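Chain by chain, the residues:
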Amino acid sequence: MSNFAKTFSSSLGKKLVMALTGLFLCTFLIVHLVGNLQLFKDDAGQAFNAYAYFMTHFTPIKVVSYLLYASIIIHAIYALIISLGNKKARPIGYAVQAGNQNSPWTSRNMGILGTILLVFIVVHMGDFWWKYHNADLPYAKYEISLDNPNDIQVSELPYDANRLVHSEITDLQAGKRIVVSKDLYKIVNNAFQTWWYVLLYVIAMSALSFHLIHGFRSAFQTIGWNNSRYLPLVRFIGVWVFGVLVPLAFAAMPLYFFFK
Amino acid sequence: MSKNMNLTLKVWRQKNADTKGKFVTYQAGHVSPDMSFLEMLDVVNEDLTKKGDDPIHFDHDCREGICGACSLHINGRPHGPKHGITTCQLHMRSFNDNDTVVIEPWRAEAFPVIRDLAVDRGAFDRIQAAGGFVSVNTGGVPDANAIAIPKVIADEAFNSATCIGCGACVAACKNASAMLFVSAKVSQLALLPQGQPERYHRVQAMVAQMDAEGFGSCTNTGACEAECPKEISITNIARMNRDYFTAKLIKQEEA
Amino acid sequence: MKLDAKIPEGPLAEKWSKHKFNLKLVNPANKRKYTVIVVGTGLAGASAAASLAALGYNVKAFCYQDSPRRAHSIAAQGGINAAKNYQNDGDSVHRLFYDTIKGGDYRAREGNVYRLAEVSVNIIDQCVAQGVPFAREYGGLLDNRSFGGSQVSRTFYARGQTGQQLLLGAYSALNRQINLGKVQMFTRHEMMDVVKIEGEAKGIVTRDLITGEIETHAAHAVLLCTGGYGNVFYLSTNAMGCNVTAAWKAHKRGAFFANPCFTQIHPTCIPVSGDHQSKLTLMSESLRNDGRVWAPKTVELAQKLRSGEIKVTDLKEEDRDYFLERKYPAFGNLVPRDVASRNAKEMVDEGRGVGASGIAVYLDFAEAIGRLGEDAVRARYGNLFDMYQQITDENPYKQPMRIYPAVHYTMGGLWVDYNLQTTVKGLYCLGEANFSDHGANRLGASALMQGLADGYFVIPYTLGDYLATIGPKAVDVKHPSFEEAKKNVVDRVNQLLSLKGTKTVNEYHRELGHIMWEYCGMARTEAGLTKAKGMIRELREDFWKNALVSGSNNEFNQSLENAGRVADFLELGELMIDDALDRKESCGGHFRLESQTEEGEALRDDENYAYAAAWEYKGDDQDEVLHKEELVFENVKLSQRSYK
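Chains as they are written, first to last, in the working numbering: chain A, 51 to 310; chain B, 42 to 296; chain C, 215 to 858.
Pulled out of the complex, with its shape left as it was, chain A reads as follows (with noise of 0.2 Å):
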């Protein structure tokens, strides 16, 4: 075996891919948190599904995003890894531990919370990434007036198709731009008026948020970074950015749209 093998086949280097994975999950997740934003514009989801084209067809994303998925698959299968090896290093186990006394819940449950997400990133993506990519979903057809980008007009196309997911036209006679895009937006409005459904994403960012606040903090003493100076940075960043902010912002989305 490689040197390079033997330290992914050890148990610190396996820690080291479930907090690499972890980071560049993070790092995933405040873009797509960004992009999301394009959700609370009231532009009837124009940009929003301009955000969801480019995101899908930009080739340097689209490499980045394949690194994606193989990063949350990794990360899990070695959560399970980790985790299957971890009970073989305790086959009897105490009648009574009293975890609670010396260490948080989250950091102990790590794997519940992970499941719970990964529960969570199937439906999510089966509901609009499978979707956007392979159902017949309708067109939206935006009508922008030029000299004021805040007059739009919208009407829907049935699905075609024929049509491009995304199309532009400059029509500088009427004075209007003309997008055509596959309507993301649309999928996502309807989805959340199911008040079940946005009750699962709360619950999935709320598991989001206790997988964070120990899971940030947590790669960085995996991979040796705890420079006294630095570590109280990471711990307010773990805490109040992916601990509390992100998750925040992404349940807002759901609640956004069931009570709108």
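Don't take each hint at face value.
[Said to hold, decoys possible] Cross-link-like lysine-lysine pairs, in silico, DSS-like; alpha carbons within 27 Å at most:
(1) C:K717 / B:K56
(2) C:K466 / C:K832
(3) B:K44 / C:K466
What the hints contain is simulated information worked out from the structure, not anything from laboratory work. Everything numeric in this text was worked out from a predicted model, so none of it was measured.
Based on these hints, arrange chains B and C on the given structure of chain A.
Just chains B and C, lined up with the frame of chain A:
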């Protein structure tokens, strides 16, 4: 002086490594709050012996918190309910009259039970033997004051070096990981100038042995640090991780 | 038999160098043909095993603990002396030698003690090279503190855990040799006998404490590094497992036992709190650097304190008697251990003791806290204060500690010559287990020094001389001597297991301890000792009739282990009494009430007792025979020790 207590003990009894164990309940009467936990067990054992039963076996030696022999998982926590002490330093005044006390051995694949509450911690010795040293022979070393070591570094190395090898970190960890134990020695020698020549070899050798012994992975719960009777910090684990990855991925030095 | 200490001729300062040159050497290529057994893995054992293995010998090391790191050297708190003179305060090898000889009340050998002082400087170098994190100054150089019995700062330390750090250093050196395959380590093995072939030690018999298997191990030489026998007193600062068994078995095989009555009672220990007490906890001597020892001025005040009528913090300054400062203005609270202990006992005997039992005096930090601040005191002694609070439930920052002397160390042990060889050829004894360097009283921070000196810097030279003489011919465990020894051990184990009486082994141990403490403790008399001798004989007889040992041999059986050790203590106790009876003088830790100065200090009788008493075993229940090794003092003038 407060009055004596009566306690119910649920103790793990297991004849040897090959037989199955079970919990047995004992009543401990007239327990003085000034007794140490082990002295309480001594009294129970005297009674058991006189009744013709086998006394409860447990490891213990110095009874002042430094040899690391005593163990015992008491009411769900290694070394009992208090912080920063070993079982032998735990006094019965930490308990109340009529309490039920559940006493279990350290549980880990790498720490097989020998009898009752005594386990085999030989894995720890083997990890130390794999690299926990500076390779100097006796004699022929420079004067002790030839190298000045900054006080903060010496103090930090000392903090890592106070590990008593009791195994509470493994016992507390939900994954039975030995990372705190291993990282304490790795850190001590990584901090000091004397440890530098073998720094990257050492960390690889000790981690490899740790993995071979069947300990679990660290998931950074911090339980080890919270239960360590010498309050050794998990900063040591981060330091070991860093050295390990540096050794493996940058230095390319074979273990 | 004439005892020959083999002290080299010539001036004191040249003895060791000359001797080293005169010792025979084993050729490097031949060293691997020799096997050496090391019993015990404390400072002496681990350092010896590691050093001999590094030289190329094959070493088999044994310890009763589950790991060599747990030997009781680990518990030493205060520090280790070395004549480095880093502080520029007038220290030198000669001064350390002088302090140690004087501290031992002139009952140690000049040659050995000088060598100890000489190699002390190498020990510190060695430990630092291993990565032992000694305390340092801000400039990065090593820090020192002062200890009892000396007026220079020569003690190196690692907070309150010096023994731990030194042992872990030696343990790491041992581990390195285990890793290299030069040391074969046997943990949870108890040495049960020494095997002799044609008068020379050639191996040992051990019991595997997990399986009960009785094993034989052959070697070219056997080193006993098995520590002291303080647990004969039942309550002591020793670990629960510390025992005399290995040394005692060697004694029965012909190794003389020297000065068994020289035991050190350490002045600053946490007092006994009740009958359940299993051991006593030491509070480091370093505390006397800043703590002041006192007792109430009058018996009335002491009574009021005991009954709780008044609180210690209410006691006015003029009602406190800082008795050590009053009686010994030059050394004050830093008088040697024996002196401090005896004075504490005196206070208690006068009725001025404190605490619920009245068997304690105070160690007070109020003045130091006022002078340095609580934080500075915490930085120096924090772990000890915590330990005290844990045990007593009293806060030593707010009220003085209660302390009382407790058995701590045994200066006596197997008689060895300058080469550390016992009276049995091929059988060596190192560290606390031997008798050689501390005379009648050991100074603080000298035990660690001696253990490591013997292991790192003496035995690697002297053992080679013997091995070169006998040659590398392998020893066969099939020799009938091994079978005979093994059979004896099996018989002994079975005999112990057949004891199904009514009294537990612990009860016998506690009774023995009471007798020893009462009659052979801090003050001894002819009448008391004579009475104690009879009591011990009776107790021993009773033990072999009415003791209760549970379980069987083929299992992990702590009851059996303990029974074997207590049985040996029951024999040793009598020898200690014999020795104390023989020595009709007071010296160091041995205080015969019949022999004291007008001021109540120990009064030596150099004319009649300037010898090491080496006892020869003659058979069960027979009085042992005394051999005297006259102590020759050419470099120090014998004088009444004075710390005033």
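Check whether the Cα positions of K466 of chain C and K832 of chain C lie no farther apart than 27 Å. At roughly 8 Å apart (the allowed maximum being 27 Å), K832 of chain C and K466 of chain C satisfy the hint.
Would the pair K717 of chain C and K56 of chain B pass a check requiring their Cα atoms to be no farther apart than 27 Å? 24 Å, holds
Given the hint that K44 of chain B pairs with K466 of chain C, does the C-alpha gap stay at or below 27 Å? 48 Å, violated
Hint 3 from the list above is the single one not met by this structure.
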